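Hints given; two lone chains; assemble the complex.
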Amino acid sequence: MDRLLNVTTGLSVILLVIILISVRRAHIRVEYSVTWLLAAAAMLILSRMHPLLDAVRNLIGLPDSPLTLFLLAGGVVLVMLFRFSVIISHLRDNNIALAQRVAILEYHLQHLKNHENQEA
Amino acid sequence: MISPNAPDSLLVIVPALNEEAAIGDVVRDIHQHVPGVPVLVIDDSSSDNTIAVARQAGAEVLPMPHHLGVGGCVQAGYKLAYELGYQYVIRVDGDGQHDARDISRVFEKLKSTGCEMVIGSRFVAENGSRTGTVRSLGIRFFRLVLRPVLGKAVHDPTSGFVGVNRRALDVFRQSFPLEYPEIEALVVLQRRRFRFEEVPCKMRPRTTGRSSITALKSLYYVVHVLLGVFVNVLKFDRRFRRAQRERGTGG
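Chains A and B, in that order, are what the protein sequence lines are.
For the first sequence, numbering that gives the first Met the number 0 begins at 0 and goes up steadily by one.
For the second sequence, numbering that gives the first Met the number 0 begins at 0 and goes up steadily by one.
You may find that some hints are simply not true.
What the hints assert, rightly or not - Below, in silico cross-link-like pairs of lysine to aspartate or glutamate (EDC-like), each with a Cα-Cα straight-line distance of 20 Å or less:
(1) Lys112/A x Glu59/B
(2) Lys234/B x Asp92/A
(3) Lys110/B x Glu196/B
What the hints assert, rightly or not - Part of the chain B face toward chain A, derived, beta carbon under 10 Å:
(4) Ile41
(5) Val60
(6) Gln74
(7) Leu79
Don't read these hints as lab results, they were simulated from the structure.
As the structure is a computational prediction, the values presented were derived from the model and not from experiment.
Where a beta carbon is used, it is the ideal one built from N, C-alpha and C, also for glycine.
So here's chain B without its partners, still in its complex pose (with noise of 0.2 Å):
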């Protein structure tokens, strides 16, 4: 069983879907550049042998009874490290796209700074990550949206590559966006005042499989994260209010 063995306890999460051809390298990968950190690998109920090759490289796996989608994944290993007692997890996605070099430098950030997370961003710096169209279209939007809600620029905001520590843990356990969480979990964690920050990432071009959003679904991805932004924003809001008015009784 994987277990902190250390006051700054890191595990590095894979949430993978059906990822047989690309895990093991993953896996491997991130042992060869973070050696001694656990990899807990969380399998969103593959049908094909994701499972058995994780553990062959040398993960831990976390198999779902059935299909959550990447949120319930994520927040599954979230539980879990929350639960061991891990200081600091970084997500990594399962489809070898996030170079494993780069968890190093998410990870001292995350402890230089003690900000609650550190995302892993393709556009801090050129560096040579290319997206298609559509999805850097779809990136500068929710950069337009997401500069007044949280205060400050976030460069790429539907980045997977995720680090956060004990604090952050202790919230998403609780509560986590089901469906394409990155940039819910944002505006969930500022709302609380906690803080982010990002590293300059590089990200490689997918190997095997394709992305889960679609250009058809990219209209519905819009919508529900919009709408999950506003939600979160008027939800929070109502309670600071609400926070404001009693202390204001009471005091």
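So here's chain A without its partners, still in its complex pose (with noise of 0.2 Å):
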């Protein structure tokens, strides 16, 4: 159980380090990296914080401490994917806006410099 926590560790510390080089990096944006940062920090804290990760087993009620730790990141990851597939869908109508708009104003502009052509 131990190794398994000690791994936990070790893969929440690599994360936290991907996300900080990352954002560094102008690769993420910074409020799309909060979560990411929160759910590494808590895996870590678990991970570490024995009495802690019993306290919430206890109240979830599984039977070990390992389970009660990836369920818990399981389910951060769910809402992660729900909260970014929220985000594409809004960038997705936003674009489709977007190019709708583009299109109407080549329009109108092609037309202008036909007209312009037209009357030189």
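Structure representation (structure tokens):
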């Protein structure tokens, strides 16, 4: 069990480092990194603080601590996936509206150019 | 540039994706049967010569910067038509399945009834139009589902041959279903207490290309459209109840 929790600690640290580097290199926007940072920090804390993890385990009623930890991690990942689906939906709507606006403006522009050419 | 030149100005829009084999005949067919009516082909980022062929046949073309799907294309056409001041818009598919002779019948119905939408229907009267078994089952299923939602029977809810007036244009330019829009658009209009009518139209068998709704996509189509109908019913009913409450509080 301890080995599994140690692996979780290691993975949490790696995740934290990757997120911080990604934010620094502007690969991920700060507002989207916060959720990942919180999730990684929560995993790190729970994997190191056994009494806290045991309290959570008792609260949920699961037989062992690693299962509790991975169940919580799975729940967080699901919430985050849903959040990203919402964001992607908004972006797609905005993208379609923008594409339509660009097409309509190009249409008007093309006809203005044609009109100018005819007058010249 | 196309511009409305009569009080009852009509624009025919044709969404098209890789329809170079059919689009020329579609445009010429429309010009022949409804002369003087401008045709706007909305090209959904085709990889073939759809744009050139459509222009050569005498249509105006609105090319999309990237693939938007049929709903995104139709909505772009509605937006442009509304901005240019058109009173009526009729959508015809770019694959040549709709008969341009029926356009004037849809247009007359729009004008004479004052309703917001007219559907060119294959099933109002027996007219020799044929549909595949799966599609036919789907249409029957949606007829049953839509009957209580719309408050009246609709014979051909999946028809892409649709005419709308300016009131419907105003609604659709702001909100229009992006995938499989036909059925959801009906629900959107009905929830706003708009009216629709159907006129009998003939549908020709597809001569080129393939339908975007394959057998494998049928299940996704049914789930997607059912969800869309359900969401629209809930959304508009909630708005309606809220408006009623506000009227009650205000009065």
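Results for each hint:
no. : hint                : result
1   : Lys112/A x Glu59/B  : holds, 15 Å
2   : Lys234/B x Asp92/A  : holds, 18 Å
3   : Lys110/B x Glu196/B : holds, 12 Å
4   : Ile41               : holds, 8 Å
5   : Val60               : holds, 8 Å
6   : Gln74               : holds, 7 Å
7   : Leu79               : holds, 5 Å
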